[in-house]
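Residue numbers (this note's numbering), protein chains in the order written: chain V, 2 to 194; chain B, 2 to 194.
Simulated from the structure, these hints should not be mistaken for laboratory data.
Accuracy of the hints is not assured; some may be wrong.
Copies of the same chain look alike in the list, so a pair counts if it fits in one copy or across any two.
As the list claims (entries may be wrong) - In silico lysine-lysine, DSBU-like type, Cα no more than 35 Å apart, as pairs:
1) K6 with K174
2) K48 with K22
3) K103 with K174
4) K104 with K147
5) K188 with K48
6) K103 with K6
7) K112 with K14
8) K174 with K147
9) K82 with K37
10) K6 with K112
11) K112 with K174
12) K48 with K118
13) K188 with K112
2 protein chains.
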Amino acid sequence: MQLLKDRILKEGKVLPGNIIKVDGFLNHRVDIALMKEIAREFRRLFKADGLTAILTVEASGIALAAVCAEEFGLPLLFAKKAKSDNIEGGLYRSDIYSYTYKKQVTLILSKQWLTEKDRVLIIDDFLANGEALRGLIEIIKQAGAKLEGIGIAIEKGFQPGGERIRRMGYDLKSLAIIDEANDNGIKFREETR
Amino acid sequence: MQLLKDRILKEGKVLPGNIIKVDGFLNHRVDIALMKEIAREFRRLFKADGLTAILTVEASGIALAAVCAEEFGLPLLFAKKAKSDNIEGGLYRSDIYSYTYKKQVTLILSKQWLTEKDRVLIIDDFLANGEALRGLIEIIKQAGAKLEGIGIAIEKGFQPGGERIRRMGYDLKSLAIIDEANDNGIKFREETR
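One chain only, chain V, in its complex shape (with noise of 0.2 Å):
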């Protein structure tokens, strides 16, 4: 999505480590209206048809994922990282290694809200390692439900997240695939689609 890209050319920032820092525009200073066409296509890369669910991970990924389940006029659902009391029994759990925290942490998500029934879109802001993809899909499994797509914003190409979930038979889009973030700048991908 070439507005993405020029977006990242133009505010993005490699730290060392190849971390990629866009928290102008993604996630911490929040863009909406960027939000908003990147929901668009979106919008135009899965079909809505028979969608009952938008799912996303705490924190980052939500502000993008709530204005994608207004454009498909869906509910969201947003896997909780565990912590807090305020979630009784009745839980799907997946335990995730998290790069950002170096450490374990449980994804959670009540039963209640994810059911057999359910055809889920998961979007999110990053991919890097995969690691809070897995624990969505690891999720979807455990409640029947059935994966019908996963939309990122910004994947990091050169770590190995994205390889791994498109060799599981996944559709797998993302708006801007990076290759290369370092001293030279950032690279993207050559679109095939």
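Dock chain B against the given chain V, drawing on the hints supplied.
For chain B alone, coordinates are given in the frame of chain V:
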């Protein structure tokens, strides 16, 4: 806001410890159509003129705040709870006590995204003890920005947060103020406006 109150009465559950569970439409599974109605109500209650940003705190307020930011045509800022290495220096910080996590957490917001030129509307899903709000207000003060109003979906009127914030003179508007939540059910405060 009658629509929200009706929904709370229909689907909300009271758990031991005066916990009000509305995770079927507000903060786990999110009814985006309802969020849109709430956003429109805030648009009626607060003047949009001159506002430069919607501010919230991760995680559960982000979905509502994102929909509000779209309704107001403004960018969304969300304060983070410190834990990640992805944020460099140059931060506003405010220590709050989290009743959810039962420990102190530090709210952080990058100085890049909030300055003395900003006029901010805070949006959050819940107000109980008001610690998160206190932290956001502290951050706005550090930035020298102006707080124009605070829009809350559900206020627990039997906890001290709302009273404290109003006594400080801020324009706080809660769409449903719950004065009682126990085995006898949920009772709302009469609206005086």
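Go through the numbered hints given earlier and state which of them the structure violates, listing their numbers in rising order.
-> No numbers; nothing is violated.
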